[in-house]
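Chains as they are written, first to last, in our numbering: chain A, 1 to 614; chain B, 1 to 101; chain C, 1 to 165.
Bear in mind the hints are in silico, worked out from the structure with no lab data behind them. Be aware that a few hints might be false.
[What the hints assert, rightly or not] Derived lysine-lysine pairs resembling DSSO-like cross-links, with alpha carbons at most 27 Å apart: (1) B:K87 with C:K162; (2) C:K162 with B:K88; (3) B:K87 with C:K136.
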Amino acid sequence: MLSYAWTIPLFPLFAFVVQLLLRTKGNKKLVSSLGVVLTFLSFVFSVYLVVHSLVWNQTIPEWKVNWLHIGANVVTVGASFTPIQVAMLFIVSLVSCLVQIYSMGYMKEDKRSNTFFAYLSLFTFSMLGLVIAPNFLELYFFWELVGVCSFLLVGFYFYKESAKQAAKKAFIVTRIGDVGLFIAICLLFWEVGSFDFDVVKQAVDANQLSSGMITLIAILIFVGAIGKSGQFPLHTWLPDAMEGPTPVSALIHAATMVAAGVFLVAETFWLFEESSTALAIVSYIGGFTALFAALIALTQTDIKRVLAYSTVSQLGYMMLGLGSLGLSSGFFHLLTHAFFKALLFLAAGAVIVAYSHEQDIRKMGGLWKQQRWLGIAFLIGAFSIAGIPPFSGFFSKDEIFLAVFQSGRYDLFVAALLAAFCTAFYMFRLFYLVFAGKVTKEKTKTLSWHFKVPIWILALFSVIAGFLQYPKHLISGWLDETTQTALWWIPVVVTLMAVFGIFLAYAVYQKRWVSAHTLAKLSGIGYRLSYRKFYIDECYEALFVWSLKGLGWILMGWDRFFVGGIALFMKSMPIQLSEMSSRIQNGQVQRYILISVIGLLLLLLSITVGRFIS
Amino acid sequence: MYLTSYLALAAILFCIGLYGILTKRNAVMLLFSVELMLNAVNLNLVAFSRLGFYPNVEGQIFTFFTITVAAAEAAVGLAILIALYRKKETAEADQYNSMKG
Amino acid sequence: MNAEFLAFSILSVFAIGGAVFFLNAGKVMHMAIALAFTFFSLAGIYLLLQAEFLAVVQVLVYAGGISILMIFGIMLTKPEEGAPSRSFQYHQWISLATVTGFFVIIMTIIYQTPILTPAGKETSASVKSIGSILFKNYAIPFELASILLLVALIGAIVLARKEQK
Chain A
1 MLSYAWTIPL FPLFAFVVQL LLRTKGNKKL VSSLGVVLTF LSFVFSVYLV
51 VHSLVWNQTI PEWKVNWLHI GANVVTVGAS FTPIQVAMLF IVSLVSCLVQ
101 IYSMGYMKED KRSNTFFAYL SLFTFSMLGL VIAPNFLELY FFWELVGVCS
151 FLLVGFYFYK ESAKQAAKKA FIVTRIGDVG LFIAICLLFW EVGSFDFDVV
201 KQAVDANQLS SGMITLIAIL IFVGAIGKSG QFPLHTWLPD AMEGPTPVSA
251 LIHAATMVAA GVFLVAETFW LFEESSTALA IVSYIGGFTA LFAALIALTQ
301 TDIKRVLAYS TVSQLGYMML GLGSLGLSSG FFHLLTHAFF KALLFLAAGA
351 VIVAYSHEQD IRKMGGLWKQ QRWLGIAFLI GAFSIAGIPP FSGFFSKDEI
401 FLAVFQSGRY DLFVAALLAA FCTAFYMFRL FYLVFAGKVT KEKTKTLSWH
451 FKVPIWILAL FSVIAGFLQY PKHLISGWLD ETTQTALWWI PVVVTLMAVF
501 GIFLAYAVYQ KRWVSAHTLA KLSGIGYRLS YRKFYIDECY EALFVWSLKG
551 LGWILMGWDR FFVGGIALFM KSMPIQLSEM SSRIQNGQVQ RYILISVIGL
601 LLLLLSITVG RFIS
Chain B
1 MYLTSYLALA AILFCIGLYG ILTKRNAVML LFSVELMLNA VNLNLVAFSR
51 LGFYPNVEGQ IFTFFTITVA AAEAAVGLAI LIALYRKKET AEADQYNSMK
101 G
Chain C
1 MNAEFLAFSI LSVFAIGGAV FFLNAGKVMH MAIALAFTFF SLAGIYLLLQ
51 AEFLAVVQVL VYAGGISILM IFGIMLTKPE EGAPSRSFQY HQWISLATVT
101 GFFVIIMTII YQTPILTPAG KETSASVKSI GSILFKNYAI PFELASILLL
151 VALIGAIVLA RKEQK
């Protein structure tokens, strides 16, 4: 049974094929249930693996097939099941299954829901394939495949101009990062002659690669992760990707695909460990992103955008944890984040449905009284992300703070603390604006069990996932990492920051002791900067779009006037020549005779002149 | 008397005929010019047959044939001209340009 | 200066003069008559070259037959006297230059080439000898020429006939 573990991704693939065939004619309920059932099978298999691998500490055999022979090098395809991969399998299949159940309710009225479920199945397949890939090449295939799925799903409402633009942006911006990853893979193959993680790892351990090359490769891999995980310079696509349906945001742009970057860094962590420069870059970019995105999230008014920036910020945390040598902390946060962010997104989706597809939080309020269960679920997610004990986010954040503190980068530690404060503030701003206050809509839609079941399951996991590391450090054990001695004051400080943030939100948005406007005025230009997302998009517009457009115009001018001129000349020259010669051919006998006589004259001249000269 | 004088006379006549062919606008005159050129050629033939390096009667024989061909040409040419005139209503050679490219 | 040279000079002046008049005459009919004059002069030149039979043929065919044919042609068509177009004048100048060039080359060749005339070897071509060579050596070309004339005759009739509708 364990040797067939590689079949896990094939269930959703099968579902995808069938759903694609039934896309136009198929019964909606049947098609969606098929996806759920097959993904559930994957999930069950994953649980089986989890039990074997993580609980009983067995090694699951790799599965490998030779694919290509390039000279002496062999390229293989297969599947490997290290603990980190098994844990990831569990997360992906679980969240995917829940989101599909949720989608059955969310997409009920959509005409193209069959296509939607087919895309979801394809995504699940790709993501599972990505997770179990044992070599860089296979990983890269699936890496691009999830990118395609993201593109398809963000652009699902392709008739909306904004969705179309967002899909393009998501695809193109992530592609920039992918180029980095691709170069890294090429370099690795060049240096080592293999794509396999094992082989490369052995080569790195045996000091076959120079340290400069390792740094370069690690940074390029991280560039790929930056693109996928929406880290600082390439984060702009992720908030725009919220144009897709909310379940997609929950699955792809919160829990799984965007975590693939973090997963990639975690999986190739042995490479990063060899290069302190790469680690420093990872942690600084992660730390900066965490604070930066949190600041933007403070002022956004679209419920999904707040969550999107929160995702960017949390991914920054994970990178920060990884960069500070805390492999388990980063991965642990990835795990808990998958649960609570999926929960938050699904809850936000439920809120949006309850308000008949209204996403502006300023138009919401008082939902607590109407949908109390939703409020509670959202509150669990909010507490978890803010880092209030005993919710899962508290434990994972605590680990990250510990790792950062012990790595000695105190500037990042302070930035992370500020980000934690901001996180608590914007989450509870969201909570108070949506659930507390005056009732803005008398009758909100009642939500079916499709919404409730996934949300409650995720809420459950959000609560209990933290206990994986406490009191026993299970994850560190899986990752063969020595546990660090905890410092007692760090959790206290983190919790205090969170509580302070929550209190501020309570003061501003619930009790209204301080008006939000006063706060905005107090921060001066800061509010504007945050509201306009620090003008990053505008900068890119000016820097890349316009400069490229200018270049395009120049090239177009070159093409139109120079190349086109040559083409025009080539076209008109024969025409002119033929017009000239046709003027000679005027049909008059005497003209022809004259020409032939001139020819005769020339002939005679050429014969006689030579004679005379000699 | 030298052969050269006859040749020179023939050349002058030939060139006048050539110029006529090139510049006359009346098609009948074109035919006339052709006859003039043929006469110049005949003169050459006869002169050579009498004063050439190998004097020979056959030069005159050739002239007969040339005259015959010239007569036939004049007849056919005039017939074509009349047919054309009937079609185009003009005898101007520069109006016959339906082969214009 | 002997009589032959005198005769040649007069005849050639007549021939060239007729040709030049042909080129410059204002009326078409005058041109035809001028050219007939040239043909006559050439017949005289043939006499100088002791080709009596040919001279007679020249008078018969050219001065008689072809000139009359041409006059018929002129009378059957209406000669138009319009001002030549500009491109035609252009054409005339080029023609003149070309013909002059041609003339210069031919004359140069004629006067540059040493032509030897063996003295005392002159043959007199009597009508008898011509007839014997024509019907002995050139019988087939002679017959062909007669066929050619027949074809030309029929062809001329067919071409010039009015098309019956």
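Status of the hints after comparison with the structure:
Taking the CA atoms of K87 (chain B) and K162 (chain C), the gap is near 11 Å; set against the 27 Å cutoff, the hint holds. With a C-alpha separation of about 14 Å, the suggested pairing of K162 (chain C) with K88 (chain B) holds against the 27 Å cut-off. A hinted pair counts as satisfied when its Cα atoms are at most 27 Å apart, and K87 (chain B) with K136 (chain C) does not qualify at roughly 46 Å.
Of the numbered hints given earlier, the model fails hint 3 alone.
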